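Chain residues, written in single-letter form:
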Amino acid sequence: MHEYSIVQALLSRVEAEARERNATAVRRLDVSIGELAGIEPELLASAYEFYRERTLCGAADMVITRVPARWVCSTCGTDIARGAVLTCPACGAPGRLERGGEIMLERIELEVP
Amino acid sequence: MCDTCGCGDSEVVPVEVHDRILAGNDRTAAHNRKHFAERGVLAVNLMGSPGSGKTALLEATARSVLSSRLGALAGDLETERDAERLRSAGIPTLSITTGSACHLDAAMVHRALHEFPLSDLDYLFIENVGNLVCPAVYDLGQAVSVVALSVTEGEDKPLKYPVMFRKADLVVVTKVDLLPYLPHVRLDALHEALARVMPRPAFLMVSSLANVGLDDWLAWLSDRRRAVTGVPAVAGPAR
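Line by line, the protein sequences are chains A and B.
Start counting the first sequence at 1; every next residue gets the next number (my numbering).
Start counting the second sequence at 1; every next residue gets the next number (my numbering).
What the hints contain is simulated information worked out from the structure, not anything from laboratory work.
A quick note: this is a predicted structure, and the numbers were derived from the prediction, not measured.
Keep in mind that a hint or two might mislead.
Stretches of chain B that chain A covers, calculated by requiring three or more beta carbons in the stretch to come under 8 Å of a beta carbon on chain A [said to hold, decoys possible]:
no., region
1, 12-23
2, 105-117
3, 124-138
4, 205-211
From chain B, some residues computed to sit far from chain A (all C-beta separations above 12 Å) [as the list claims (entries may be wrong)]:
no., residue
5, A37
6, R85
7, S88
Partial selection, computed: residues in chain A whose CB lies under 10 Å from chain B [to be verified]:
no., residue
8, T87
9, G92
10, R96
We put the beta carbon where it would ideally sit given N, CA and C, even for glycine.
Could you build all of it, start to finish, from the sequences and the hints given here?
Quick look at the structure:
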């Protein structure tokens, strides 16, 4: 259940941004979680519900965007199909994860007096 | 105060962040990585399920290496058992007890390094908490990530736990001396599964108890140390 420690890192980051801008509350958080990031969005959401009480995020919705994995060739950029062997079908070079590994805080909405 | 009508409501200000949530961990990991590189130490993040043979692999490594200087950090939820085993095998080891945390993070390793001198080491093995999911999420500052996968876990584990294997530089298939008793375990299926989750599939077949494949493991470590630090460590033959 490392989702709890992800939420703690998220809240401390958001609170730092809020303090810097003298915000009184946070209204909304947007995060994106890749399919191959090792984070379960449902568990992240329930960990957030647990930790956000009595923080600046107490009334803030967290919106999670799930990012599907996309592998491409590390040399020629050819797409590698889902579930396939991670070698380029065109040139044989190893694949590179282009999308789907992210654990990102994208955007926050702050209430500023 | 709302500028438009002066109603007293606060204003909503959007802030574009676009940064990794674990950016703090990544900074600490980069700091650890710099320490390792400056001291010519190859740091190995050794991960795998509970009981996959991580500690036994390190015990066998200590038995087989004559001239390299090894150290270890052993992460466990409770007890010093792994650290005690490694010390008995001759590896100076510091235990990191994580309590309820299912993984090590860069800050835990950094704190441990304050109590653990690196200057006399060629290799530092960071034995992560036994878990095939969470440890993969946290960069510790290691040069290489190694996953121990025992033959009894089954050849489909890479497909079930792709995140762990995606980031591995090497999979050490352990307990291969048990293969004669496991007629349903097919190594070609394991290789196939790894090729679907690892862009550069690499694995070694090892039995720590029966002394199989340890020379390949030591050669791999020595190559990686040369590649990362420019200094080859001499890996001696088995005693």
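Outcome of the hint check:
Note: the region 12-23 of chain B has 12 residues with beta-carbon separation from chain A under 8 Å; the three-residue rule is met and the coverage holds. Only residues whose beta carbon comes within less than 8 Å of a beta carbon in chain A count, and the region 105-117 of chain B has 1; fewer than three means the coverage is violated. For the region 124-138 of chain B, the stated coverage by chain A holds: 5 residues have a C-beta nearer than 8 Å to a C-beta of that chain, and at least 3 were required. Counting residues of the region 205-211 of chain B whose beta carbon lies closer than 8 Å to any beta carbon of chain A gives 0, which falls short of the minimum of three for the stated coverage.
Distance to chain A confirms B/A37 as a non-interface residue, since its nearest Cβ pair spans about 24 Å, more than 12 Å. With a least CB separation of 26 Å from chain A, B/R85 remains clear of the 12 Å interface cut-off, as annotated. The beta carbon of B/S88 is kept farther than 12 Å from every beta carbon of chain A, the shortest such distance being approximately 31 Å. Nearest Cβ of chain B to the Cβ of A/T87: about 7 Å, under the 10 Å cut. The hint holds.
The interface hint given for A/G92 is violated, since its Cβ lies 12 Å from the closest Cβ of chain B, which is over the 10 Å cut-off. Below 10 Å, beta-carbon pairs count as interface contacts, and A/R96 has one with chain B at about 7 Å; its hint therefore holds.
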